[in-house]
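Q: Protein chains in written order, with numbering that gives the first Met the number 0: chain A, 0 to 380; chain B, 0 to 380; chain C, 0 to 380; chain D, 0 to 380.
One thing to keep in mind: the hints can contain errors.
If several chains are the same, the list does not tell them apart, and a pair holds so long as it fits within one copy or across any two.
[What the hints assert, rightly or not] Cross-link-like lysine to any residue pairs, in silico, SDA-like; alpha carbons within 20 Å at most:
#, residue 1, residue 2
1, Lys370, Thr224
2, Lys370, Arg241
3, Lys370, Glu359
4, Lys180, Pro314
5, Lys180, Glu12
6, Lys180, Ile16
7, Lys370, His217
FYI, nobody ran anything at the bench for these hints, they're computed from the structure.
There are 4 protein chains.
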Amino acid sequence: MSRLRLGMVGGGEGAFIGAVHRMAAALDGDWDLVAGAFSTDAGRNTRTGTLLNLDPQRVYPSIDAIIANERNLPADQRIDALAVVTPNHLHAPMAIAALNAGFHVFCEKPMAMSVVEAEAIAAAAKASGRHFALAFTYSGYPLIEEARARVERGDFGAIRLVQVEYLQGWLSQPIDTDGNKQAEWRTDPARAGLGGCLGDIGTHAFQLAEHVSGLSVHSVSADLTTHVEGRRLDDDVSALLRFEGGARGVLKATQVAAGEENGLRLRIHGERGGLDWSQMEPNTLTLRWLDRPAEIVRTGGPGMLDATASLARTPAGHPEGYIEAFGNLYRAFASAIRGDQDGRWFPGVTDGLRTMRFIEAVIANAGADQKWTLVNPGENG
Amino acid sequence: MSRLRLGMVGGGEGAFIGAVHRMAAALDGDWDLVAGAFSTDAGRNTRTGTLLNLDPQRVYPSIDAIIANERNLPADQRIDALAVVTPNHLHAPMAIAALNAGFHVFCEKPMAMSVVEAEAIAAAAKASGRHFALAFTYSGYPLIEEARARVERGDFGAIRLVQVEYLQGWLSQPIDTDGNKQAEWRTDPARAGLGGCLGDIGTHAFQLAEHVSGLSVHSVSADLTTHVEGRRLDDDVSALLRFEGGARGVLKATQVAAGEENGLRLRIHGERGGLDWSQMEPNTLTLRWLDRPAEIVRTGGPGMLDATASLARTPAGHPEGYIEAFGNLYRAFASAIRGDQDGRWFPGVTDGLRTMRFIEAVIANAGADQKWTLVNPGENG
Amino acid sequence: MSRLRLGMVGGGEGAFIGAVHRMAAALDGDWDLVAGAFSTDAGRNTRTGTLLNLDPQRVYPSIDAIIANERNLPADQRIDALAVVTPNHLHAPMAIAALNAGFHVFCEKPMAMSVVEAEAIAAAAKASGRHFALAFTYSGYPLIEEARARVERGDFGAIRLVQVEYLQGWLSQPIDTDGNKQAEWRTDPARAGLGGCLGDIGTHAFQLAEHVSGLSVHSVSADLTTHVEGRRLDDDVSALLRFEGGARGVLKATQVAAGEENGLRLRIHGERGGLDWSQMEPNTLTLRWLDRPAEIVRTGGPGMLDATASLARTPAGHPEGYIEAFGNLYRAFASAIRGDQDGRWFPGVTDGLRTMRFIEAVIANAGADQKWTLVNPGENG
Amino acid sequence: MSRLRLGMVGGGEGAFIGAVHRMAAALDGDWDLVAGAFSTDAGRNTRTGTLLNLDPQRVYPSIDAIIANERNLPADQRIDALAVVTPNHLHAPMAIAALNAGFHVFCEKPMAMSVVEAEAIAAAAKASGRHFALAFTYSGYPLIEEARARVERGDFGAIRLVQVEYLQGWLSQPIDTDGNKQAEWRTDPARAGLGGCLGDIGTHAFQLAEHVSGLSVHSVSADLTTHVEGRRLDDDVSALLRFEGGARGVLKATQVAAGEENGLRLRIHGERGGLDWSQMEPNTLTLRWLDRPAEIVRTGGPGMLDATASLARTPAGHPEGYIEAFGNLYRAFASAIRGDQDGRWFPGVTDGLRTMRFIEAVIANAGADQKWTLVNPGENG
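Construct the complete structure from the given sequences, taking the supplied hints into account.
A: Here's what the structure looks like:
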């Protein structure tokens, strides 16, 4: 099966997430990375291309150059899709340009700087007929799909409670002004957007909660805090959630929980039982029941639904992790591009719009005296 | 060392918490249960007294009878203290009567039906010069004292985040109208008070958060819900907390998290690290640090502060649990009664007043459009 | 219900296990400690009696004095049973004397210094018609009874594998020659017997393995080691076990696993699934299955067999531990003395004989070139 | 950096381990799979080549064809290394042929059918000057390297105890005669060799124990069992280990622990502390200490040695698993081929010879009456 060709903008040597995209795309043999504009620093751009063994002709100085050149290559050579792995303020212009030029796009989250920008991407995707994937990585874990399917099937009865938390500690000190590039742009409103922690990981938490519960958040009451002096964006979010239909939720995301790593955890309870999943031990899904012992569903183990078991690559007990979850999104994205009708789902425009609306609702509520702020449902959910 | 004599009101056969008080009091040989009014049902009262091997003369029909008779017994025979283990609406009148009669009181939580009632107890305790202990059991765990002492000592730097949750599932179905006596009175406003879940376990969560963090909650924004149709009090609480000094908190307490048992968990993070403790595995305290590996402090194990190690009865690895934690409160209560100046601390009037103020603040906030409601600091904290 | 009266020999202030016996006996109100010979040091003996609030007339200088005086007291005053909590070399003479005098006996493990001694106790128990309980504490945990009953019921099919381990680290350094009294007598052949670690905790592991599996060990191949220089008994045991019927086992017990606390763990696997239980988290029993998700059975939670649920005192999620497990043995012992036909089982003569035979088989095998040594089944199992 | 070219023999569609090798080799961009002889079934061979997007000219009918053709290709086209992922009986002839033809070899374990065969591979590797890697995957986990380095550095003092276990349950039923191809050849002496479970996973356990402890097993006493009727090789191994220098060990490997997945666990204790690592949660390494709290070292987290931190691809809390560990071996293998002097270590000839000697020692001991059998140290360790 011939491979799809991937280009990348951003992700120069030393960047975190670009390398993850490359490993994820390589894992299953669906993709070849063949082109890129990795850095606006020409030397770094070239070095990255060399390290990645790319044809120097296809290491471009900019996204404009990528688009200009790649669209003129023969169909069996030019890139099929572009991965946008830049800071947030570039997501919308780059994704729109790529979509308009006929390329599929795999974009980092958060989708954009505002709902307005996100809607523009949505419109470009629709107009172009191209696929738009969004890197809500955690949706790619097999047991997240298992959890979602079980909620949908009604295993737990009507859902009453959703608790999602995402605890990191890496911004506990003012490293954003100490030369840490990851921290620097993530706390810069001009590049990160309205939310700091809110946009960076609060969106992951929100997306996962809605995705697995199958419920939409109706309104939010939030407390947004900056604990580290001098920081320009929030580093801590707490929010009460009210879902359509009456379920209640709590969302906690923080980057100043000193000592925490990447503690994303989701719990959902319904009338008859509940589920519990933690990203740091992602191959275990605990199901608790009102009237019988708790069950431990394991990636690849017995009891997994047929439809989700195929998301694992190895037998139970051979742990798969973050890169594999990411790889599942790239695999599904490839499947969709190839026209596979029953290709796996991947997060995209709808998830992007919902999370941008969440960001704006939290920002609005955090500055207000009123308790609840609607999360605008929008046209596209 | 001669034993102190305990009387009990409430706690007839089949009741949960009365039996726990009796085991806790018996554990360390500090107390003899010698008198009681266990039930208003005379047969049940008598049966309970017989089961407990009490002198039938001291199995009384009511608290009034206890007080009337016991106060006239010789000093070396009459009860030293009275355990009040009735539904909530009786706490205040009974505790006040006992204190006024010169008996020390060990009372179940929540302290009373209102702040006003709680203040009356506080006044009676003060006027009588007697000790008043409140059954915030979880404060009795050795590792809770370890956690509190480490926060106080500054191990984690200034505290930024407090997360406390208390998840139960036993009220997921409408068992309160199905003959379950425990559920019945706990969901009856006339006997339980203003809060259902809020009063029953929300108060535990709040007390633990303030006790260990050493911080006072300044204001609260809350969502109070009744998920089970027909129930007369809340069965689910979510609250955002703002502490004096700037720390932020989230409190979640629910009795409809189907499949959960008694999931009280406290996490506190400061500038340099944080702590994590779960009541269901109470002999493990996890300390996470910004710059070094997490540590596991174990009840009775190395690294425990000298002052807290003595709260354990057995060497590390011999698990102690809920009854032992409860026993630590009874031991400290006995120690205080005996006049031991460096006797252990136990929760009392101050904890009771704070939690009653919390209940009233949540009730007020839950019905309002405004986001934040002050938790009145009061005179006594 | 009037209480039974307990006497105790050994267990002076500062001793570990005597205090545990007292707490365990007090927990459920079945016993009053009324007499004792706690120490051969007269001052320590008196102080202990005073601390325990005993009548000074019943604080005796020796077991002979206990027996001589107590047997002449009126039936409603004299002790019903004697707890023997001395070093091992005194178990047999004391237990036999007490049984012969008509008292029931609750004895510490290992039962005796040899199979011959153990058989003498067995004979005395039989001749006297008195009950003899042995402190194999871990059999008292509710989930151990749950595990045993499930194996017996055939939940896992025919048993193939038994793995038992007991890891402690407290003898990692030569504290036995440094004034630690607990360590001193446990490593002294004259007081501890043939086995060091083998007798102290290897017997616990062996008893638990046979008790829960319902299988008898046929033969053993063992490696017995003393890691700490100068120590006079073993501090480390490894053994391969062959059970009647073909199951295979591994037993590991050590007191030099530096950093380990009291790590007793039992795993049993049959044709269709297996169980896993660890003493340090005793309220969780994991059941793994060939064809469905693992289950977590919790003390007091759903799925527990009716017959075992009653061993818990509190609802699920209120952790019970070591003292409660011990208390279950004292409760069952009391129940048997009272003639309750369906009283709970407690470990006794049969367990004691089996473990003594195991000690002797390991000692014999460890010094031999032959691979397997029979564990003599004896008359009484 | 131009990629190395990999060929593969075995690993046709549906095979487990071949796919793992391909993902592992792809992960970091060091390798391109360019040639293969995936199956002796011509159709399956072709289909696999197509799925993998290989040039049909380089999908060969046999290893002989691979060697004959590839060696004649230009240096910048022909394969650099051959992955041998066939059943065990083909390892030696194929590896030797490839080495003799000048190709580096990455071979599945166990190395061969006998020590004699393994020595022939060792000789061929030496004579050819080519690299020979062996798929002892678990050595590739970052925390295994951390553990090894800490033992070597003396963190725990002199090592006393080594416990290694590898529990699987997938052979609990007679699936080897039910059409399961993985089970079929693994229980066939003609293809698997002398050991069943012993060769398949017992070797992993043995290699890991020696690798991390830095100690050599001197002698072994073993019990080798076939629990499933009709099975031709063992499915269960228990062994006592004596190490050079006096440490004691227990090794347990089984494939009939019904319900277990891939439970490889290693524990090592020295005079001052010990380590504990489980493959199913590979990003956590627990260090326990005699005199201070246990520590949790996490992949990528603080406290990891600099030399081992680089084995992780993502920040702490982004779990890496089995494929990533395998990828570390392929990365180190590539590094060595490229002549990197400080390239990472990977398991090879020495590990292979030791494990073959272990197999033969266990087989010899299991059939003997004598207790201990030497594990021949050999010339090459």
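Q: Next, verify each hint and record whether it holds.
A: Each hint, compared with the structure:
1. For the identical chains of this complex, Lys370 and Thr224 are neighbours both inside a copy (16 Å) and across copies (15 Å), given an alpha-carbon limit of 20 Å.
2. In the homo-oligomer, the alpha carbons of Lys370 and Arg241 lie at most 20 Å apart both inside one protomer (12 Å) and across protomers (15 Å), since each shortest distance falls under that limit.
3. For the identical chains of this complex, Lys370 and Glu359 are neighbours both inside a copy (15 Å) and across copies (18 Å), given an alpha-carbon limit of 20 Å.
4. Taking the closest pair of Cα atoms, Lys180 and Pro314 come within 20 Å of each other only across two copies (15 Å); inside a single copy the shortest separation is 39 Å, beyond that limit.
5. For the identical chains of this complex, Lys180 and Glu12 are intra-copy neighbours only, at 12 Å inside a copy versus 44 Å across copies, given an alpha-carbon limit of 20 Å.
6. Within a single copy, Lys180 and Ile16 get their C-alpha atoms as close as 13 Å, which meets the 20 Å cut-off; across copies the closest is 39 Å, which misses it.
7. For a Cα distance limit of 20 Å, the shortest separation of Lys370 from His217 qualifies both inside one copy, at 13 Å, and across copies, at 17 Å.
Of the numbered hints listed earlier, not one is contradicted by the structure.
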